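**Q** Single-letter residue listing:
Protein chains: 2
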Amino acid sequence: MNSFGQDEIASLEKRFRANLINSISGFKSANLIATRSKEGVDNLAVFSSVVHLGAHPPLLGFIMRPTSVERHTYDNIIESGFYTINSLPAKMKAEGHKTSAKFAKNVSEFDATEFKPEANDPYPPFVAQSPIKILLEFKSDMCIKENDTHLIIGEIISLKIDEDLIGEDGFVDLAKAGSAAISGLDAYHQVLSGTRFSYARPDEEPKEIKYG
Amino acid sequence: MNSFGQDEIASLEKRFRANLINSISGFKSANLIATRSKEGVDNLAVFSSVVHLGAHPPLLGFIMRPTSVERHTYDNIIESGFYTINSLPAKMKAEGHKTSAKFAKNVSEFDATEFKPEANDPYPPFVAQSPIKILLEFKSDMCIKENDTHLIIGEIISLKIDEDLIGEDGFVDLAKAGSAAISGLDAYHQVLSGTRFSYARPDEEPKEIKYG
Chain A
30 MNSFGQDEIA
40 SLEKRFRANL
50 INSISGFKSA
60 NLIATRSKEG
70 VDNLAVFSSV
80 VHLGAHPPLL
90 GFIMRPTSVE
100 RHTYDNIIES
110 GFYTINSLPA
120 KMKAEGHKTS
130 AKFAKNVSEF
140 DATEFKPEAN
150 DPYPPFVAQS
160 PIKILLEFKS
170 DMCIKENDTH
180 LIIGEIISLK
190 IDEDLIGEDG
200 FVDLAKAGSA
210 AISGLDAYHQ
220 VLSGTRFSYA
230 RPDEEPKEIK
240 YG
Chain B
30 MNSFGQDEIA
40 SLEKRFRANL
50 INSISGFKSA
60 NLIATRSKEG
70 VDNLAVFSSV
80 VHLGAHPPLL
90 GFIMRPTSVE
100 RHTYDNIIES
110 GFYTINSLPA
120 KMKAEGHKTS
130 AKFAKNVSEF
140 DATEFKPEAN
150 DPYPPFVAQS
160 PIKILLEFKS
170 DMCIKENDTH
180 LIIGEIISLK
190 IDEDLIGEDG
200 FVDLAKAGSA
210 AISGLDAYHQ
220 VLSGTRFSYA
230 RPDEEPKEIK
240 YG
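Line by line, the protein sequences give chains A and B. As numbered in this note's numbering, residues 30 to 241 make up the first sequence, in order. As numbered in this note's numbering, residues 30 to 241 make up the second sequence, in order.
Chain A extracted, bound-state conformation (with noise of 0.2 Å):
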């Protein structure tokens, strides 16, 4: 195996050290987040960080650097309140990575690439094209003071899945949704099915949960 002690990985050149180290927490989800400016203009980024919280009050977090790329949703955020997250579909993963490019504030990502805006007035839009969406009501920033970034807690206001990836139990079917998965900073990944074990307890194995 290749070892990286900490001297090593503080002294790796700098785009090698950020390919690894993104990589390195295994795969993402990958959300598109759609905002929207005091201005009307509706802004869209892909998101990997997205993050589940808790069920009851049903909490979302994301991880962002305020100064970077991201700074449109960051700023839409604070000033609206509001924003929703969009699960992207692996089909549609270089529109999706193309949301990360640094558009002009003026600049709506869904007229720069084929994401529909569905309505969802007075809220920001949901992406018409994901097959699940979220709107989420804007609740802390916390600053995590080791470098800067902030994780940003969102509770949910509102859902809407296609009706057949929910299970009667609740599980909602990413693979069957077409969910990418995203890892380090630049590759997006289809998902075979899953396996789903029953409640794990010591003197027991595991047992498959059949579903779907």
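These are calculated hints, taken from the structure and not from any lab test. On a predicted model such as this, the values are computed, not experimentally measured, just so you know. Mixed in with the good hints there might be a few duds.
The list cannot tell twin chains apart, which means a pair is met if one copy fits it or any two copies do.
[Claimed, not checked] Here are the simulated lysine-lysine pairs, DSS-like style, with alpha carbons at most 27 Å apart:
| no. | residue 1 | residue 2 |
| --- | --- | --- |
| 1 | K205 | K120 |
| 2 | K67 | K120 |
| 3 | K43 | K120 |
| 4 | K189 | K43 |
| 5 | K120 | K236 |
| 6 | K43 | K205 |
| 7 | K131 | K120 |
| 8 | K236 | K43 |
| 9 | K236 | K145 |
| 10 | K43 | K168 |
| 11 | K131 | K239 |
| 12 | K205 | K134 |
| 13 | K43 | K174 |
| 14 | K67 | K43 |
| 15 | K239 | K43 |
| 16 | K189 | K236 |
| 17 | K189 | K168 |
| 18 | K174 | K236 |
| 19 | K134 | K236 |
Starting from the known structure of chain A, arrange chain B on it as the hints suggest.
**A** What follows is chain B alone, placed relative to chain A:
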């Protein structure tokens, strides 16, 4: 599409809501976190919430509920200051899920499952079967006031990766590594080889980056 409003979500049956809300954030990383207690017992537990926070310094975060099944992990990290994050191979998904059972504190999941410890003294062990093994030093414990979960932040101290997984530019091929993705509370997925795209620019279609 099925629509759920805020009140509907709040009034869903508890387990249905947990499955639903845990699914919609997208695919998640699949990692085994190893810790060591004061008494010298090694603990191992699967986590789906490890998230990249930054590359320089190299920081990873994960979400935990201190009062739930993962309490041993939390106590050990706070007490010892160190932990390892190890990529879960998809072919060991049943064993990975088994680590989420409530084993007694004096039982090591390394004894109760097929995962083998790889010594890393004086730090907690790595998981021998993992293609990506990360040693972290605990940095911060941020309480998320909205639901009393915690974001645990650690800095990478050392890193071991199978040589043939690291590309020329530092990208790590998680699909080739056989790393699992998780969805919902209990689904484990194999992920197909991905498509990488060049840095996105407004007036340019993303180009594929060849790798592997």
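**Q** Against this structure, judge whether each hint is valid.
**A** Going down the list of hints, with the structure as the test:
Taking the closest pair of Cα atoms, K205 and K120 come within 27 Å of each other both inside a single copy (12 Å) and across two copies (21 Å). In this assembly of identical chains, the alpha carbons of K67 and K120 never lie at most 27 Å apart, being 32 Å within a copy and 49 Å across copies at closest. Taking the shortest alpha-carbon separations for K43 and K120, neither the intra-copy value of 31 Å nor the inter-copy value of 33 Å comes in at or below 27 Å. With identical chains, the CA atoms of K189 and K43 are at most 27 Å apart between copies only, with a shortest distance of 19 Å across copies and 40 Å within one.
Proximity of K120 and K236 under a CA criterion of 27 Å is satisfied inter-copy only: 15 Å between copies versus 32 Å inside one chain copy. In this assembly of identical chains, the alpha carbons of K43 and K205 lie at most 27 Å apart only when taken from different copies (24 Å versus 37 Å within one copy). When the C-alpha separation of K131 and K120 is checked against a cutoff of 27 Å, the pair qualifies only within one copy, where the shortest distance is 22 Å, while the shortest distance between copies is 40 Å. Taking CA atoms no more than 27 Å apart as the test, K236 paired with K43 passes between copies only; the shortest distance there is 22 Å, against 45 Å inside one copy.
In this assembly of identical chains, the alpha carbons of K236 and K145 lie at most 27 Å apart only when taken from different copies (22 Å versus 41 Å within one copy). Taking identical chains as interchangeable, the C-alpha atoms of K43 and K168 lie at most 27 Å apart only when they sit on different chains, with a minimum of 23 Å there against 34 Å within one chain. For a Cα distance limit of 27 Å, the shortest separation of K131 from K239 across copies, 24 Å, qualifies, whereas the shortest one inside one copy, 44 Å, does not. Taking CA atoms no more than 27 Å apart as the test, K205 paired with K134 passes in neither setting, with 35 Å inside one copy and 39 Å between copies.
Within a single copy, K43 and K174 get their C-alpha atoms as close as 21 Å, which meets the 27 Å cut-off; across copies the closest is 35 Å, which misses it. For the homomeric pair K67 and K43, neither the shortest alpha-carbon distance inside one copy (36 Å) nor that between copies (38 Å) is at most 27 Å. For a Cα distance limit of 27 Å, the shortest separation of K239 from K43 across copies, 20 Å, qualifies, whereas the shortest one inside one copy, 46 Å, does not. Proximity of K189 and K236 under a CA criterion of 27 Å is satisfied in neither setting, with 31 Å inside one chain copy and 32 Å between copies.
In this assembly of identical chains, the alpha carbons of K189 and K168 lie at most 27 Å apart only when taken from the same copy (21 Å versus 38 Å across copies). Taking the shortest alpha-carbon separations for K174 and K236, neither the intra-copy value of 42 Å nor the inter-copy value of 35 Å comes in at or below 27 Å. For the homomeric pair K134 and K236, the shortest alpha-carbon distance between copies (24 Å) is at most 27 Å, but the shortest distance inside one copy (51 Å) is not.
In this structure, the earlier hints numbered 2, 3, 12, 14, 16, 18 are contradicted, and the remaining ones agree with it.
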